[in-house]
Structures are given as C-alpha cells and as structure tokens.
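Visitor: Here is what each chain is made of, one letter per residue.
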Amino acid sequence: MSGTALTELFRGIDLTGVLANAVLGGVMAREERFDPIGFAALASLSGLGGGIIRDTLLQHGTPVALTDYAYVLTALCGAAVAYVVRVRGRLWDIGFPVLDALALGCWAATGASKTLGAGLGWLPAVLLGTITAVGGGALRDVVLRRVPTIFGDNTLYATPAVLTAAVMTWFFYGGHPSLGLVVATLLGAGLTLLARWQRWSLPHAKDPRAK
Amino acid sequence: MSGTALTELFRGIDLTGVLANAVLGGVMAREERFDPIGFAALASLSGLGGGIIRDTLLQHGTPVALTDYAYVLTALCGAAVAYVVRVRGRLWDIGFPVLDALALGCWAATGASKTLGAGLGWLPAVLLGTITAVGGGALRDVVLRRVPTIFGDNTLYATPAVLTAAVMTWFFYGGHPSLGLVVATLLGAGLTLLARWQRWSLPHAKDPRAK
Amino acid sequence: MSGTALTELFRGIDLTGVLANAVLGGVMAREERFDPIGFAALASLSGLGGGIIRDTLLQHGTPVALTDYAYVLTALCGAAVAYVVRVRGRLWDIGFPVLDALALGCWAATGASKTLGAGLGWLPAVLLGTITAVGGGALRDVVLRRVPTIFGDNTLYATPAVLTAAVMTWFFYGGHPSLGLVVATLLGAGLTLLARWQRWSLPHAKDPRAK
Numbered sequence: 001m002s003g004t005a006l007t008e009l010f011r012g013i014d015l016t017g018v019l020a021n022a023v024l025g026g027v028m029a030r031e032e033r034f035d036p037i038g039f040a041a042l043a044s045l046s047g048l049g050g051g052i053i054r055d056t057l058l059q060h061g062t063p064v065a066l067t068d069y070a071y072v073l074t075a076l077c078g079a080a081v082a083y084v085v086r087v088r089g090r091l092w093d094i095g096f097p098v099l100d101a102l103a104l105g106c107w108a109a110t111g112a113s114k115t116l117g118a119g120l121g122w123l124p125a126v127l128l129g130t131i132t133a134v135g136g137g138a139l140r141d142v143v144l145r146r147v148p149t150i151f152g153d154n155t156l157y158a159t160p161a162v163l164t165a166a167v168m169t170w171f172f173y174g175g176h177p178s179l180g181l182v183v184a185t186l187l188g189a190g191l192t193l194l195a196r197w198q199r200w201s202l203p204h205a206k207d208p209r210a211k
Numbered sequence: 001m002s003g004t005a006l007t008e009l010f011r012g013i014d015l016t017g018v019l020a021n022a023v024l025g026g027v028m029a030r031e032e033r034f035d036p037i038g039f040a041a042l043a044s045l046s047g048l049g050g051g052i053i054r055d056t057l058l059q060h061g062t063p064v065a066l067t068d069y070a071y072v073l074t075a076l077c078g079a080a081v082a083y084v085v086r087v088r089g090r091l092w093d094i095g096f097p098v099l100d101a102l103a104l105g106c107w108a109a110t111g112a113s114k115t116l117g118a119g120l121g122w123l124p125a126v127l128l129g130t131i132t133a134v135g136g137g138a139l140r141d142v143v144l145r146r147v148p149t150i151f152g153d154n155t156l157y158a159t160p161a162v163l164t165a166a167v168m169t170w171f172f173y174g175g176h177p178s179l180g181l182v183v184a185t186l187l188g189a190g191l192t193l194l195a196r197w198q199r200w201s202l203p204h205a206k207d208p209r210a211k
Numbered sequence: 001m002s003g004t005a006l007t008e009l010f011r012g013i014d015l016t017g018v019l020a021n022a023v024l025g026g027v028m029a030r031e032e033r034f035d036p037i038g039f040a041a042l043a044s045l046s047g048l049g050g051g052i053i054r055d056t057l058l059q060h061g062t063p064v065a066l067t068d069y070a071y072v073l074t075a076l077c078g079a080a081v082a083y084v085v086r087v088r089g090r091l092w093d094i095g096f097p098v099l100d101a102l103a104l105g106c107w108a109a110t111g112a113s114k115t116l117g118a119g120l121g122w123l124p125a126v127l128l129g130t131i132t133a134v135g136g137g138a139l140r141d142v143v144l145r146r147v148p149t150i151f152g153d154n155t156l157y158a159t160p161a162v163l164t165a166a167v168m169t170w171f172f173y174g175g176h177p178s179l180g181l182v183v184a185t186l187l188g189a190g191l192t193l194l195a196r197w198q199r200w201s202l203p204h205a206k207d208p209r210a211k
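Protein chains in written order, with full-length UniProt numbering: chain A, 1 to 211; chain B, 1 to 211; chain C, 1 to 211.
It should be emphasised that the hints constitute simulated quantities derived from the structure, not laboratory data. Here the structure is a predicted model, which means the values were calculated and not measured. Just to be clear, a hint being listed does not mean it is correct.
Once the Cα atoms are required to be at most 20 Å apart in a straight line, the calculated SDA-like pairs of lysine to any residue come out as [as the list claims (entries may be wrong)]: (1) C/K114 to B/T67; (2) B/K114 to A/D68; (3) C/K114 to B/G61; (4) A/K114 to A/V183; (5) A/K114 to C/T62; (6) B/K114 to A/T7; (7) C/K114 to B/L9; (8) A/K114 to C/G61; (9) C/K114 to B/V64; (10) A/K114 to C/Y69; (11) A/K114 to A/E32; (12) B/K114 to A/K114; (13) C/K114 to C/T155; (14) C/K114 to C/E8; (15) C/K114 to B/T56; (16) A/K114 to A/A195; (17) B/K114 to A/G175; (18) B/K114 to A/Y69; (19) B/K114 to A/V64; (20) A/K114 to C/G175; (21) A/K114 to C/L193; (22) C/K114 to B/D68; (23) B/K114 to B/L9; (24) C/K114 to B/K114; (25) C/K114 to B/Q59; (26) A/K114 to B/Q59; (27) B/K114 to A/T56; (28) B/K114 to A/T67; (29) C/K114 to C/W200; (30) A/K114 to C/Q59; (31) C/K114 to A/Q59; (32) A/K114 to C/H176; (33) B/K114 to C/Y69; (34) B/K114 to B/G61; (35) A/K114 to A/D153; (36) A/K114 to C/E8.
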C-alpha cells in the first residue's frame, strides 16, 4: 500500500470518526432539548474537540480542524443528521461502537504521530495521542455538566488510547511509522470493542468515607 | 469616514461591549455570592473570553485581551461596578440588551475580519467570528455549572452572530472590509434586538424519550 | 547563591508543588470513585493545569509541562500515591497547606517572571502569574462540576497570588529578578498560610435577592 493511499485511508477513518462522534453529540443535544446551535456546538466539540486541544497545546499553527474544511462540514453534517433523524435502533447500537472504536484508535495513533513529527518526545506523544482520542468527549461532558465518563464510569476507553499511542510511538522510533499507524489503530479499536463486549473496566478507587 | 476613525469607533464599541458583559458577569458573581476575585474572574471570562478563545485558536500571538491593557482594565472596571453597585432597574434592563447586541455584532464582525486577515478562509472566519461573539458567555456559563444559554434557552443570539460573521466575510471577499464591518455589526445588533423583542428562537429538538 | 543553584531550588519547589497538588487531585478522584485514568487526569489538571494555561495563552511554544518530562512524571507519581494510599491524617493536614502555599508563591512568581521574560508588560505578568498559581485548581474544580473555590469559598488564596506576581514584577523592573523570585515566593507562601491560620477571607458580595 502506498503512502498516499494510506494517508487517504486514515483521512477516511478520521472523518468517519468525526461523523460518528458528531452524531453522538447531536443525540446528547436532543436529550438536552437544545436548538440547532446547541446541536452544532455539541457535535463539533465531540467530533473535533480532541484534535483542537492537541493542536492548541502543540502550538504548531491553527488547528487542522479549522483549516481543513472537511472536518467542520462533517461535524455539522453529523449535527444535522442527529437533528433531523431520531438516531436510535439496532443499526446505531451496533454501528456506533465499531465506528467509535476505530476513531479512538485512529485519533490516538495520528495524534501521537503528529506530536512525534513536530519533534517532541515519547511522553508528550503518548499524552497528546490519548488527549486527541478522548479529549473531545471529555470536553462535551464538561459542557453538559457531566463528569467525563472516561474518568471511571465506563469500560476501558482511555486505556486503549494510551496503549495505541504508545505502540504508535514504539513503531515510530523503530522506523516504521506507516505500519505503526495501521497496527496501533487496529489494536486500539480491537481492544476497545473487546472491553465493551466483555465489560472490562479499570478498578475504581474506594470512597475514603466508606468503611 | 477615514480608516482611523472607523478603527477608533470599533475599538469604542468593542470596549463598551467588554464593559457591559463584564458587568453582567459581575451581576452573576453577586448571585453566586462570590468575593472580589470571583467578580474579577467572571467579569473577565464574560467580557474577554470570546476574544481569548479566538486568539488562542488562531495562534497568531498572545491574545490581544492580554497585551492591550484597555481590555483587562475595562473588564476589571466592570467587575468593580457590579461589586459596588447593585446593578438593576430600568436603565440596566433597557441599556444592557442594546450594548450587548452591539457587542455581539461588533465581536462577530471583528472576529471574522481578524481571521480573514490572518489568511484563513471563509469557514474558519464564520466559525471564529461566532466564537468571538458568544464564546465568553458560554465559558462563563460552564464555569458557573450552567448549560450555556446559547445552546437553546434563549432568543436568537448565536444565529445573528453567524449571520454577522458571514456578511462580514462576504464584504471582505468583495473588497469592502470597512463597509462590511459597519453593515455586519448593525445587522447583527439589529437582528439580536429584534429577536429579543419578538421572542424569536430556533425550534428546539424534541426529547427522544418523550412520546 | 548562584543563578544555577537558584534555578535548581525553584525547580525543586515547583515540582514539589506539582506533587502536592497532584496528590490533592488524586484525593478528590477518590472521593468521586474514579478509576486510575480519572486519578491521572485530575492529578495532571491540578498539578500542571495552571502552567499549561499560562503557556497556551503566552503562545511561546509547547507548554513546558509537556516537554519537560519531570512535570508529567511527577504528576502521575502523585496520582499513583493517592490511588494506592488513602492520603489523610495529621501529616497530610499539616504538610499539604505548607507545600501548597509554597507552590502558590513559586508558581505566581515564576509565571510572572516568564511572562516578563517573553517581553510582555506588567499587567499580563500579574494576570498570568496569578493564573499559573490558581488556574490548575480552578480547572480541576470545573471538571468536577464544582464552582472554583478561589471564587469565594476560601481563605485568601488568589489574592496572595496577585500580590506575589505584582511583587515579582516590581523587582523585575527594578533589575533584581532573582531576588524578586525569592522574596515574592516567600511573601506569597507566608501570606497564604497566615490567611489560612487566621481564617482571613475577602468580603463576599451580598445576594441581590436577599433583603
């Protein structure tokens, strides 16, 4: 597979993830009875927030999500779908987790890759890869006054993102960035789905006020 | 009207908007029984937050709100007014919506204008223009654990900002940026006031759990 | 004392502050019954958030907290301590306020110093110094859906940070930046502890709805 084809493939996965998460943001906007502006805002936070946080922290120019029109238009498209259609049913229940898991892997891998490409080391790469993958959802939750689900009320989600970013970084230092993108993404997506299916989660801390 | 006079006029409108929104932030700080630090923080978020988010996303240098002393001092002035005086009564009830509508138009137009001036295209211009106008209030609402009113519980507010930024962008591409500033600002302010008076709002989504 | 030794000393105080605040973030994560990801996130927000906000606003490159590995590793270390040990008891009750007060002084002084070093003036220096000192805790509170305690429900905390940053700025303009770091830090730490001990707080605004 050539480099260009791989780039195109990842752009496709990336935008599919933006769409799926934007629709999820729109579904939450419906629960809150928002108007179209609220749908657009939540869809954008969900779908684009992680990448925007990453690019803002990296400080290597205006976030891609603002300069590449496909991102904003895809996010708004997801908002429109969620506003017009009452998204639910079997297709969504099965399809969303798969698309979301692929997006998580893709975002963690590309986030780490971009950080390494900007000349930073392995630790920021793992951190910013993880933030790319889970930051948008966390931002959306905070705006909705919910404690981010990635902090505990969830099957493994941030953990596969950390692993994905770490694997991507390992392949990058090994001189195989393209192969790393593919392997890390599939690993992250697979682990996320497996955890969801098997209800794996990290052990919660005990409340200090409990006996 | 010369370019310099226009710049001065818009700076005046801009700072008036900062003052009005800073006072509003202070009024909310009083409702929450904050101390002076809380007044200063809420006033600054309300009055300066939108521009700071815009400049942080644009990544073209330290936000103007930090480098141009007039902004911070105006915001702190608004906080002080709200702390000392119990702002309310007819003058505030009539005056605030007018100043706020003017600020919304001014911020959306100047936000779009600055984005275009930084070399970005029409889509980021409309987005960042809108964020400049409504971002500060949304940030303030999130910090106060309120769902941002721009997401639904309001007469048209973000919508006029979108239109203002779009009109500004249209004039900019047509080669009349100064005229665009004036027209777009007045249009945005007028539409915001009209919507408030006529109680226009966007249709809310229905709750999916409702029958 | 040589410049290098002073730099090392402040790095030590800085990292001690990161550790203490990261542990505090972890203690709050336990109250919320988070999983390890939540511990790591809250600890990082608490310990590193202020500096990250400062560096993002300054726009002088990727935040130090991401590029200097010691910061992230210290924050994660604090998270791990809070996850494994139920941090409480006399040692914590006495030790934490002292370390936290030292960190507040150190962060306000170094934040102002870094802003001045980037060529900005006294007003942004005081602002960003203060944000460095209190921004991380405020960010953590917002994510936990709590109104930031610095806005009112506290003994003097942001106020000493403002004073520390102002004193640092004054020494900087007077040509004694190193001496300023030491004096401002000690002043801020001392005032914070004194306020805590004497229960000094700023006067709260009265609720406008009260008689």
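Visitor: Next, verify each hint and record whether it holds.
Guide: Here is what the structure says about each hint:
no.	hint	in the structure
1	C/K114 to B/T67	15 Å, holds
2	B/K114 to A/D68	18 Å, holds
3	C/K114 to B/G61	16 Å, holds
4	A/K114 to A/V183	16 Å, holds
5	A/K114 to C/T62	13 Å, holds
6	B/K114 to A/T7	32 Å, violated
7	C/K114 to B/L9	34 Å, violated
8	A/K114 to C/G61	16 Å, holds
9	C/K114 to B/V64	18 Å, holds
10	A/K114 to C/Y69	18 Å, holds
11	A/K114 to A/E32	35 Å, violated
12	B/K114 to A/K114	27 Å, violated
13	C/K114 to C/T155	27 Å, violated
14	C/K114 to C/E8	16 Å, holds
15	C/K114 to B/T56	18 Å, holds
16	A/K114 to A/A195	27 Å, violated
17	B/K114 to A/G175	41 Å, violated
18	B/K114 to A/Y69	18 Å, holds
19	B/K114 to A/V64	18 Å, holds
20	A/K114 to C/G175	41 Å, violated
21	A/K114 to C/L193	44 Å, violated
22	C/K114 to B/D68	18 Å, holds
23	B/K114 to B/L9	16 Å, holds
24	C/K114 to B/K114	27 Å, violated
25	C/K114 to B/Q59	19 Å, holds
26	A/K114 to B/Q59	17 Å, holds
27	B/K114 to A/T56	18 Å, holds
28	B/K114 to A/T67	15 Å, holds
29	C/K114 to C/W200	30 Å, violated
30	A/K114 to C/Q59	19 Å, holds
31	C/K114 to A/Q59	17 Å, holds
32	A/K114 to C/H176	41 Å, violated
33	B/K114 to C/Y69	36 Å, violated
34	B/K114 to B/G61	12 Å, holds
35	A/K114 to A/D153	29 Å, violated
36	A/K114 to C/E8	32 Å, violated
In summary, the numbered hints that this structure violates are 6, 7, 11, 12, 13, 16, 17, 20, 21, 24, 29, 32, 33, 35, 36.
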